[in-house]
Every structure is written in C-alpha cells, then in structure tokens.
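When you get a sec, could you build the whole thing from the sequences and use the hints?
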Amino acid sequence: MKRRAALVLAIAAAAATAAVAALVLAGQGGGAHDPFAVSASGTAVPSSELAATDSHALSASGAGSDVRLLATRDATSFYKILDSSGNTCYAVGSPTKGIRFHAVFCGSPGAADAFPSAATPLLMFPAGEVDSSGARVVTGLWGLAADKVARVEIALPDGSSRSTPVKGNVFAFGTTKAPAGSEIIARDASGTEIMRQPLLMTAQS
Amino acid sequence: LIRPTATLILCAAIAALALATSASATQNNYWGFNYITLNNPPAGTCPSRSSGEACSGFNYWDYSQVQINSSYGQVLYGFEKCTGCNWSGFFTNPGQTGTYTIIWNASIYNPPFHYNKAACSYFGGGESYVQCRAYIF
Numbered sequence: 204m205k206r207r208a209a210l211v212l213a214i215a216a217a218a219a220t221a222a223v224a225a226l227v228l229a230g231q232g233g234g235a236h237d238p239f240a241v242s243a244s245g246t247a248v249p250s251s252e253l254a255a256t257d258s259h260a261l262s263a264s265g266a267g268s269d270v271r272l273l274a275t276r277d278a279t280s281f282y283k284i285l286d287s288s289g290n291t292c293y294a295v296g297s298p299t300k301g302i303r304f305h306a307v308f309c310g311s312p313g314a315a316d317a318f319p320s321a322a323t324p325l326l327m328f329p330a331g332e333v334d335s336s337g338a339r340v341v342t343g344l345w346g347l348a349a350d351k352v353a354r355v356e357i358a359l360p361d362g363s364s365r366s367t368p369v370k371g372n373v374f375a376f377g378t379t380k381a382p383a384g385s386e387i388i389a390r391d392a393s394g395t396e397i398m399r400q401p402l403l404m405t406a407q408s
Numbered sequence: 006l007i008r009p010t011a012t013l014i015l016c017a018a019i020a021a022l023a024l025a026t027s028a029s030a031t032q033n034n035y036w037g038f039n040y041i042t043l044n045n046p047p048a049g050t051c052p053s054r055s056s057g058e059a060c061s062g063f064n065y066w067d068y069s070q071v072q073i074n075s076s077y078g079q080v081l082y083g084f085e086k087c088t089g090c091n092w093s094g095f096f097t098n099p100g101q102t103g104t105y106t107i108i109w110n111a112s113i114y115n116p117p118f119h120y121n122k123a124a125c126s127y128f129g130g131g132e133s134y135v136q137c138r139a140y141i142f
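Sequence order for the protein chains is A and B. Be aware that the first sequence starts at 204, since it is given in my numbering, and climbs by one per residue. Be aware that the second sequence starts at 6, since it is given in my numbering, and climbs by one per residue.
Read the hints as simulated data drawn from the structure, not as lab findings. Don't take each hint at face value.
What the hints assert, rightly or not - Using 27 Å as the maximum straight-line C-alpha spacing, the simulated BS3-like pairs for lysine-lysine come out as follows:
1) A:LYS300 - A:LYS283
2) A:LYS300 - A:LYS370
3) A:LYS380 - B:LYS86
4) A:LYS370 - B:LYS86
5) A:LYS380 - A:LYS370
For clarity, every value in this text was computed on a predicted model and none was experimentally measured.
As structure tokens, then:
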C-alpha cells in the first residue's frame, strides 16, 4: 500500500514538473528560440534613475521609457529601450545617471531586415571623423549582436585582424582606428562567418 | 476657502511651469529631407566644407540627429566642436532606417565642448534619404 502511494506521488510530482516546464517554455515563446533575436532582457532602470537629460535624449529620439541596462563593457553601457507599442530602441552610453545615453538608435517600425535579423545580426555604434577635405576615418566601435553571434572581428586591409567576444548581446572594441578597406565580420560559436561587410564603405560618386 | 484656492493656484502655476519647461525645446531641421551623397549637398553648404556635408549654425546644441528614410550608405551624425575642426560623431548602419541621435558630451568627445555646430556628413557607400536635425532642451 505504501509503495503504491509513493508511486502515485512520484507520478504526480513528475507531471507537475512537466507542466511547470511547459509553462516556462510557453512564456519564452514556445521553446522555438530565434538565434537572431536579442534575448538578453537586462536590468530595468527605474524612472527615478533617469535625469532630465536622460529623458530628453529619449524624447528627442522618439524612444519609449521602459529602459533596460543590458550590460556594461569597458565603462560603456548598452541599453534596450521599449515603448508601449513594442518598438525597440538601442543606446550606448554610461551607467551614470544624467549621461546614460550618448547615442540612441530607434529603427523604423516594420522595416525589412531590421536589427536583429539573419540579414542584420549586428547593430553598430561606430565612431568616426571627417576632416575639412572630406577624408574619413573610423575612431571607435561598440555595438549589439544577435544571440547567434559569439565573436565580432575587424579585418584590416593589411591582413591582420582584431576580435572581441559578444557577451550578453553586446560587444566593444572601444577607441580603435580602422582605415578604409577594413571589414566587420560576425562569427558564431564554431567560428563560422555569419556576416561580413565593409566597416567603412567605399565612396561612390 | 482660501486654502483650497491657494492650493489650486499653486498647482496651476506648477503645471504651467512644467509645460513651459517641456515646450522650451528647440528643434532645428537644418537640412533635408534630401539625398545625401558624396556630391550632395554641394561644397560650401556648410561654410568652408566639402560636398556631402551639412551643418547648423554655432549654438549650444544638445543633440545632433539624423533621420534615415532610405539607406544605401553611411552617414556621420555628430558635431563640429570648433571652427575648422574635424567633424566627429557616430555613423549609421547601411540599410538600417530610423533615427540616430548623439548627445554633445558623449564620451567620444574629449574635451566635451558644448558650443558647437550640429553636423551630418556623407560617410561612404551610396545615397541615403535623410533629414539632419539639432536640438536644445
């Protein structure tokens, strides 16, 4: 009798565990993980942690007010910002109240091949300069990457390269010079190339 | 009777002040919508600068912004921090339409001079259909 009760109890426990697991998976989109999503949800930044200048940056950008800090790498913070319609903006800046958002990108809602997607697995915040003659140079690179991207690489024209890992959907090269002819490459965990494109595109007249 | 009236007046004054503050933002759409290319806008659109470049006048601009409606190239959005200086900022992702905004004291600016021209410049690739904007809050 005791054995039978234990068996019933074990079956009930297993069923409950399965039900909970199914609910969790359903909450994550049914378990079918999109490798080109940005799954990091980050830490919510309460509105009390936004100074007026932070709010102005969001307002000027047309961004929402649901701010998530994804990660901080080498003193640069990366944010995901949602609005009530589900539109997402991304920002780079600092973890400090008042100067959180140095640059903000809000993509056109419904645009084809918008980040994050298989066609666009990287969203870059590349810094650059142009002099009075029109000469251009890359001076730094930070960005966000889809889940599938494990490493980002800058291939230089002289055959050398620099690379940095993606952690929590973000990457940072920091201040770095890259001349014309440099390329940006996204690789998955096995090292397979997912995307390659010019970092600084050739001028077209 | 006096206290509720005074409270009401105080609330109205605070609301008016808040409205005035939020309405005090200045937006300057200084170029576009138009196609930015290596040759457009023409040289001199921004004084002493090459073709493909546009700028606001000098002021204490807080944000430099570019809205990209179609994108086959790269566009720099940033500031000119002193007369004749290089323009610096971030540049856009080819193919990614939307709004790109940078603040005057971003960490890439060292030192972070506030008196500036907001600037946008063709940075590579093909044409992009854009509007360049500057904001003061």
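*Earlier hints that do not hold, by number*: 4
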